[in-house]
Each structure stands twice: as structure tokens, then as C-alpha cells.
Amino acid sequence: MKINEVLTKLEGITKQLEKDDLPLEEALLLFEQGIALATKIKTDLDQAKLQINKVIESTEGVFVLEKFDLS
Amino acid sequence: MSKQSIYTVSRLNKEARRILESQIGSLWLKGEISNLALAPSGHTYFTIKDAASEIAAVQFKGGSKLSSLRLDNGKQILAYGRLTIYEPRGRYQFIAALIQPAGLGALQLAFQQLKERLNKEGLFDKGHKKPLPHYPQRIGIVTSPSGAAIRDILSVFSRRWPTIQVYIFPALVQGEAAAHELVSSIALAERFSHDKTPLDLLIISRGGGSLEDLAAFNDEQLARAIFTCSIPIMSAIGHEIDFTIADFVADLRAPTPSVAAELAVPDHTEVASTLTTVVDTLGKRITSLIEQKERRLQTELKEYIFRLPSRQVETLGQQLDTLLSKLLRLAKESWKKQKQRQEGLTALLRLSDPRLPLRRGYSLTFLSGSAAPLRDSACLTQGQQIETRLLKGKILSQVEEVTDT
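Each protein sequence line maps, in turn, to chains X and F. Under our numbering, the first sequence has 30 at position 30, and the numbering climbs by one with no breaks. Under our numbering, the second sequence has 385 at position 385, and the numbering climbs by one with no breaks.
Calculated from the structure, these hints are not laboratory results. It is possible that some hints are incorrect.
[Unchecked claim] Covered, in the sense of this in silico footprint (three residues per stretch, anywhere, with C-beta under 8 Å from a C-beta of chain X), are these stretches of chain F:
#: 1; stretch: 162-171
#: 2; stretch: 394-401
[What the hints assert, rightly or not] Partial list, computed: chain F residues near chain X (C-beta under 10 Å):
#: 3; residue: R117
#: 4; residue: N119
#: 5; residue: K120
#: 6; residue: L123
#: 7; residue: P145
#: 8; residue: S158
#: 9; residue: A189
#: 10; residue: D195
#: 11; residue: V278
#: 12; residue: L282
#: 13; residue: I290
Note that this is a predicted model, so its numbers are computed, not measured. All C-beta atoms in this analysis are idealised placements derived from N, C-alpha and C, irrespective of residue type, glycine included.
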């Protein structure tokens, strides 16, 4: 799952938990999911490395991706 | 000047200089540069000429702060400066304070006209600006892969939000072909986004340069390409003070490439602190939910008791009291009994401890490998291994002789 999807999901969970008529079992389940997602985002951010590609188009109209290195 | 007196060369040059400076002074001069020479002192010497005449010119070191134009032989310029004579050589020369490309006036006029026309057409309207994504995952950059802009942008990305994929669409960013290349790179990015990998954001960028260098970004075709592009576009062209047509059309204008990168992605340390807040909120929410349920349960219980007829409640209460005291008494007795039993057991266990006789000097003997202590020598034969257990330690022996007394 992409980090932005995870963040959106987490926002959804927080909203759902704000409902007053939520059964306790469901609330606990959502809470656990929320914590797991937050942990996942933190790990993803800590381990992430920028991916850079140069895009060119061949004469046949095919996209060619070249790894791009800053150094 | 007096025609009667005899002049020294110094006096002549001095007076000629005075006349030139006071009569002509500062002026705008148009022409072509030639004989360009940079002196070790940092001053620049050159000739300004037209088809028929030329004049020596100099631009002093530090005097060029006002213009970022790079001088080249053959370049048409418009210079502001003053006319003077360099007395030691009797050299008549122009001291340039400001040098601009000769065509600049026309260029600026064209810029203003295009800006007004596109503005009237609605290309700069706020209503047309697309919102930028909050957490972009794939970002395209239209720029020169070897320029300073791409370095600035990528270094901010890797510091702030390294979870993204960056796609570079190479284009020349200055010169005759630049505008055309920028337009086709935007088109390429759009095709790539549509057919292969959807892009969340496109950044069009180049580093700082002279007004001439940025000319490509004032191109009408480029403005239209930015306007019709389906991907949100952020512009980051030149320095903070530079405004190009592309900046006006873009969905967002960033003052510099680094700032563009900062505007494009969130800071991961900020997101981490947001996460902490979210987790906090979740925790508080769940605690309050549990407390709420608890309170509801208590209320329901009270209501249940109150609904019972009052006499029944009294009887129940008395019965409860009796039961409770009985239970308490029983519990106490049972506990006493248990305790006595336990004490008895402990004493008994202490007496039956096989180590007790050992403490007094007795020992236990086993046939090797057997767990039962020996009571009769008849169980043994000569040569068997026996094991003797003392209070402390064991002895292994071999039977030499067996007697039954």
C-alpha cells in the first residue's frame, strides 16, 4: 500500500472512531488497525529512498526509462 | 581653450576631458562588441562599433552589478555610460555602467503584450488553477537533467519526503530550441501519465539566469501547453524576482526550484509528529468509549434494581446480609482449618525427610542404577557396583564379600 493511501485510511479510521454509537468491539478493532497503520508509515518513511528515472521516448514511440543518478 | 598659449600634452588632455565630460557626459550608446579583452585587474576592455565607426570602451570591475549579461564579440548591445578621455594615453573612450542586449526593449514590449493578451483570454484565471495533491506519489520534472534546478529539487525531495518516484522529462531550458523542447516534454509527460504511470504533479523548472536566458519561458506555445495540461503544474523558473509568462499560467508559481520542492511534498518529520497526534487521539477516543460503556452499564444496573418492588428489595437486602456474614464465618473457619492442615503437613514432611537420618551419620546404599535403598545383603553378589549416599556426596564401591549377619 502507498504511503498516501495509508494516510488516507488512517484519517478514515479516526473519523469512524468519532461516531458515538460505535460498538466497543468494532472500536477496538479500528484502534488496533490505526496503530498498525501508523507504525507502518513510520517504518516506510524511515526506510524510503528516492527513486529517480529519466523518461525519453524512442522513435517508435516507446517510453524508455533510464536510472538517473545525481552524482 | 586659449589659442595663444602653448599647451603641454597633459594640459591639453585634461582640458579636452573636461569639455567632453561636461558637454556630452552620460548617454545611451548602441552598437556591436568587438576586441573583447578581460584584464587581470578585472576590468573589461572592448570596442563598440557600427558599420562605419568604432569607439574604445571599458567596463570597470564591480561596475557590472546592474547587468548579468555576458559579453561576447559580435553581440549587439545597448550601453549606458559616460564619455571621457584617458589622459595618460590621450585615449578617447566610453565607460559603460550598464550593458543590456540591444533587443531588450523590443523583447520587453512583446512580453507585456503577450501577458495582456493571454490574461484577457483567461489563461491566468484562478478558476482554472488545478489544486495540487496533498501527498504526491509520482512527480514529473520538465527541466535540463544537467542543470542546477534538478539538483536543488532532488536534494530537497530526498531530505523531506523520499518515498516518491521522480520522473525527469529532459528539455533544453535556454536558447532558440528551448521553448519547443519544453512544449514537447510537457506533451511527453502527459502521454506517459496517461498511458503508463499516472503523475500526480509536474514541475517545470530552470535555475537563475539573465532575462535573455529565461526568454523560452515567455513563449506563447509553452503558455498554452501549460494551460491545457491535464496534470497539475508548478513552475519554478529563475530567481525570486523573475516572473515569466509560464509562471502566470502555472497552477502554482514557486519562487525558486528548492521552494518548489518544499511546496510539492510534506516534511516527513512533520508527518511523524502528526502520526503521534493521531495515535494519541485514537487512544483517548477508545478510553472514553470504554468509560462511556461502563457508565451505561452502571446506570442500567441501578435502574434494574429500582424497578424491583421495595419490600422485595428489603428482603433481598436482609437475606444478602445474612448470607454474607455466614459466608464470612465459613471462609474464616475454612481458612483456619486449611492453615492447621498445612502446618501439620509441613511437620510431617520434615520428619519423613530422608536426609534427617543422614544428618545423624546414617547412610543409604543403592545397587547402582536402582532407586530403592538396600535393606538386605542377600540382594547382592560379589563384584556388583553399589552407591552409598551420605548427607553430603556419594561413594561408588564394588562388593567384595557378602555375609548375611
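To see whether the hints hold, each was checked on the structure:
1. 162-171: Three-residue rule met by the stretch 162-171 of chain F, so holds; n is 9.
2. 394-401: violated (count 0)
3. R117: violated, 32 Å
4. N119: violated, 33 Å
5. K120: Violated, about 35 Å.
6. L123: violated, 27 Å
7. P145: With a minimum Cβ separation of about 6 Å from chain X (threshold 10 Å), the hint on P145/F holds.
8. S158: S158/F check passes; min Cβ-Cβ to chain X is 4 Å, inside 10 Å.
9. A189: Result: holds, 8 Å to nearest chain X Cβ.
10. D195: Hint holds; D195/F Cβ to chain X Cβ min 8 Å, cut 10 Å.
11. V278: Because about 6 Å separates V278/F from the closest Cβ in chain X, which is inside the 10 Å limit, the hint holds.
12. L282: holds, 5 Å
13. I290: Interface hint status for I290/F: holds (7 Å vs cutoff 10 Å).
When the structure is compared with the earlier hints, violations turn up for hints 2, 3, 4, 5 and 6 and for no others.
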